[in-house]
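Chemist: Line order of the protein sequences matches chains A and B. Heads up: the first sequence begins at 831 in my numbering, then just goes up one per residue. Heads up: the second sequence begins at 18 in my numbering, then just goes up one per residue.
Hints were generated in silico from the structure; no laboratory data involved. Errors might be hidden in some of the hints.
Unchecked claim - Here are the simulated EDC-like pairs of lysine to aspartate or glutamate, each with C-alpha atoms no more than 16 Å apart in a straight line:
1. A:Lys956 <-> A:Glu1028
2. A:Lys955 <-> B:Asp336
3. A:Lys1050 <-> A:Glu1018
4. A:Lys1201 <-> A:Asp1134
5. A:Lys956 <-> B:Glu72
6. A:Lys1175 <-> A:Asp1121
7. A:Lys1283 <-> B:Glu65
8. A:Lys1283 <-> A:Glu1316
9. A:Lys955 <-> B:Asp150
10. A:Lys956 <-> A:Asp970
11. A:Lys1384 <-> A:Asp862
12. A:Lys1285 <-> A:Glu1253
Unchecked claim - If you anchor each label on the Cβ, the simulated ranges turn out as follows:
13. A:Pro1360 <-> B:Arg303: 54 to 64 Å
14. A:Asp1087 <-> B:Ser162: 47 to 57 Å
15. B:Leu45 <-> A:Lys1283: 48 to 58 Å
All values derive from a computational prediction rather than experimental measurement. Glycine included, each C-beta is placed from N, C-alpha and C at the ideal position.
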Amino acid sequence: MRPCSFRAGLVILAASIALCGCTSRRVSLPRDVVVVSVEQQASWVRNFNPLTTATAPRWPTLAGIYEPLFVFNGITGKTIPWLATGSEWREGGRVLRLSTRSGVKWSDGRDFTASDVAFTFGLLKKFPALDRRAVWSFLDRVDVVSDSVVDFRFQRVFIPGADEVGAQQIVPQHTWKDVKDPITFANENPVATGPFTEIRTFQNQVYEVGRNPNYWQKGKPMIAALRFPAYPSNDRANMAMVFDEADWAGNFVPAIDRVYVSRAPKNHGYWFPPVGSMVFLYANTKRAPFDDPRVRKALSMAIDRDLLLDVALFHYSRAADATGLSDSYSPWRDSTAIAEGYWVKHDLVRASAMLDSAGFRKGPDGKRLLKNGTPWKYDVFVVSGWSDWVRAAQVIVRGLRELGIDANVRTYDFSAWFQRVQEGDFDLSLGWSFDGPTPYTFYRWLMSSSTVKPKGQASMGNWQRYGSDAADGALTAFERSSDPAEQKRLVSQMQHVFVAQAPAIPLYPGPSWAEYNMGRFDGFPSAKDPYADASPNKYDRGEVLLVLTNLRPKAGAR
Amino acid sequence: MRFLLRRLGFYLVAAWVALTLNFFLPRLIPGDPATALFARFRGKLAPEAMQALRETFGLSNAPLWKQYLTYLSHALRGDFGISVAYFPSPVVKVIGSGLVWTVFLAGSAVLISFVLGTLLGIAAAWWRRGWADSVLPPLLVFIGSLPYFWLAMVALYILGFTLRWFPLGHAYADDLTPAWTWEFIADVVHHAALPVGSVVIATMGGWLLSMRNTMITVMGSDFVNLARAKGLAPDRVVLRYAARNALLPSVTSLGMALGFVLGGSLLTEVVFSYPGQGYLLVQAVRTQDYPLMQGIFLVITLAVLGANWLVDVVVLWLDPRIRDSAS
């Protein structure tokens, strides 16, 4: 090789590398396929088992391929009959009788009947690992009465149990009865009742679920298929939305008006209704001085929630009121309870006066002192990497310092944080709420004595370890009442207890994330047309089915 | 031969140590897979589900040493259990899906970077004070010293996002099915261009510099002068006499680099949404997926050990001195 040919070789090598990059190609999809971004995954694993708890996030298995008996609409607060057409309490609330929908076919053409329902619940009993909602903690047995009627016999009167039964996805008896281990069963080719059941393509980067040819709602779904590309990060998913590669997503987008909407104001839309889990500042009520409700209220008044929303959340949510209820409980909210809740307003003077009157005075150096004279010094625990929480905690700490409390943000890795919080080994910590279709679940995990674990024992919820007799009364009565007016009265009672006692300090309801591109499809819910939650993340109680059966290709779209 | 066998024995011991560490390290993290999964929902999963989750994963309460023995015997059979994050796929299958792409992506990046860097290093030593000697090394070293993460993001932003010359992620276009057609191969190359290119740009400086420096030392040595004095053609002197000897240290580091390919491609894969195993590892750690973590760590360990063994073989072939002392 001569020197010049050596040099030429280098040039050719460089040129060929540069050339590789210049064969650009655009992906074009038929206009009746909706591209969805829900989970962040690097690659997909073919698994469409709707019962396994471990795959609970695998959308659209839970609401799309399979369907529940009832769909709960978190925007209107209504329960919509789906695979069941109605329910009725019998024998004084000991038996729940469901009538199943006739004319529903599985995607392989067989009829859906009440025995499929009984079979599904039988599986949950036989394999407790599948019983995600712990229905067998209150169910006694499930009997098929006829092809379209099924009876659920309860161990005790437990009215909220109907919501848990109704949210269960139903699997077909004829294909599942031979499955040996339904826990690890991957169910690669699902037979189901939902609007989308046919796996048209499955690769590790993308999969597509096509329309169910036998879907029971005539003429629906109006879109041919759902397509799921694997986006490993939030940033990547957002980029796909910005570039019109994806039509629908449920991800956090920073400064969305600038980042997303402004690029195509006509087509790019979003709706973040504050219906998600409430973010709380939990104070450990088993430790002084947080056992005193006046202290908890004073801490709450030290927090500038408006600033917090600005700093932590781009103002995507609203400040919490003192009932702690998010907008998904709108029909239950009691305006008198909300009005009594003065302690969510930012008011340092009043907060300071309250602490003074509770016997916690400031020392000469301006530091707030405990009754024995030691200064207050507390850490606010958050999960490292959950940046919205970390920023919220910084605002909180700032407010607490103004009360003379030596407060600091302490970040932990999730597992370490969770362990401390569960074992009650904390003073102050951020945390979420546990929610259900009614405020019953929510308040049960906030102030029922039955959820208070003894010291040292890990507690799944009620981390602040607060129990109230007044709340217990209302909660127990709620379990036994199926009369809507009575239920509403009891929930009002719970709200008043919560406002009076401040078992936890509500900050803001988490928004439900939904971004959509209306360039190719119509029918996404929005603030103007709030028929359901627009977020694809709302699979838990079937809400997303309402959107899936309402989406339609836009006439004349590209 | 005895030399290679002795090395092999050493690697076996190293593999055992790695296996053991693999088992104990993940278990030192507080919490368990059920907790980690619970966390992903941020309250969307009812507390009741926790028990169901524990049952599903079959979290064992057996004493640690017993778990360790089961783990070892399963590992020998290549059985790493069922992944938690990708439940219910076996770990072997999950790793298999990502491994191919990582080997392709990072392997080609390291090889291209090595070949280009070494060639440029030779060129720089050949034409002292030419452009390859005065401009390229400082420029490439400067680029290489930038945080790789940042460099990759900038490349993605400018070439992918703004100019739209390259796709924003994935190993191939979503509407293609993998097949040995020209269209598919071209697409894979197109998708790999940006990630591979960014790694090459970032790492080439190191190869160039080390090759150039060794070359200059070797070029000054007696046997090269002798070759020149004999009147051999300059390219023969440079390539066959100097370069072959200067290559030795570079080959050793190439072995190390190849070994770290599997673990080190993590950032590339995250930035470019590449469906490889680096991202799997992040996922596994985040979800405390012990079986998957163990599987991936083992693959990485085996890759490092395997690459080192290969280097032993290659060096043996390149350097007669070792061959003589070994036999």
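Chemist: Lys1175 of chain A and Asp1121 of chain A: Cα distance at most 16 Å?
Modeler: This hinted pair is violated, its Cα atoms lying about 21 Å apart.
Chemist: Lys1285 of chain A and Glu1253 of chain A: Cα distance at most 16 Å?
Modeler: Between Lys1285 of chain A and Glu1253 of chain A the Cα gap is close to 8 Å, so the pair holds against 16 Å.
Chemist: Within 16 Å, alpha carbon to alpha carbon, are Lys1050 of chain A and Glu1018 of chain A?
Modeler: violated (24 Å)
Chemist: Hey, Lys956 of chain A versus Glu1028 of chain A, does the alpha-carbon distance stay inside 16 Å?
Modeler: The given pair, whose Cα atoms are some 29 Å apart, is violated under the 16 Å limit.
Chemist: Could one say that the CB atoms of Asp1087 of chain A and Ser162 of chain B fall in the range 47 to 57 Å?
Modeler: Because 38 Å falls outside the window, the suggested range is violated.
Chemist: Lys956 of chain A and Asp970 of chain A were given as a pair; does the straight-line alpha-carbon distance stay at or below 16 Å?
Modeler: Distance ~13 Å between Lys956 of chain A and Asp970 of chain A Cα, so the pair holds.
Chemist: Does Glu72 of chain B sit within 16 Å of Lys956 of chain A, going by the straight-line distance between their CA atoms?
Modeler: holds (12 Å)
Chemist: Is the hinted pair Lys955 of chain A and Asp336 of chain B satisfied, with a Cα-Cα distance of at most 16 Å?
Modeler: Status violated; Cα separation ~69 Å.
Chemist: Between the alpha carbons of Lys1283 of chain A and Glu1316 of chain A, is the straight-line distance 16 Å or under?
Modeler: violated (30 Å)
Chemist: Would the hint linking Lys1201 of chain A and Asp1134 of chain A be met if the CA-CA limit is 16 Å?
Modeler: violated (27 Å)
Chemist: Taking only the CA atoms, is the gap from Lys955 of chain A to Asp150 of chain B under or equal to 16 Å?
Modeler: Cα-Cα ~74 Å, so violated.
Chemist: At the C-beta level, are Leu45 of chain B and Lys1283 of chain A separated by a distance inside 48 to 58 Å?
Modeler: Distance hint for Leu45 of chain B, Lys1283 of chain A is violated at roughly 26 Å.
In this structure, the earlier hints numbered 1, 2, 3, 4, 6, 8, 9, 13, 14, 15 are contradicted, and the remaining ones agree with it.
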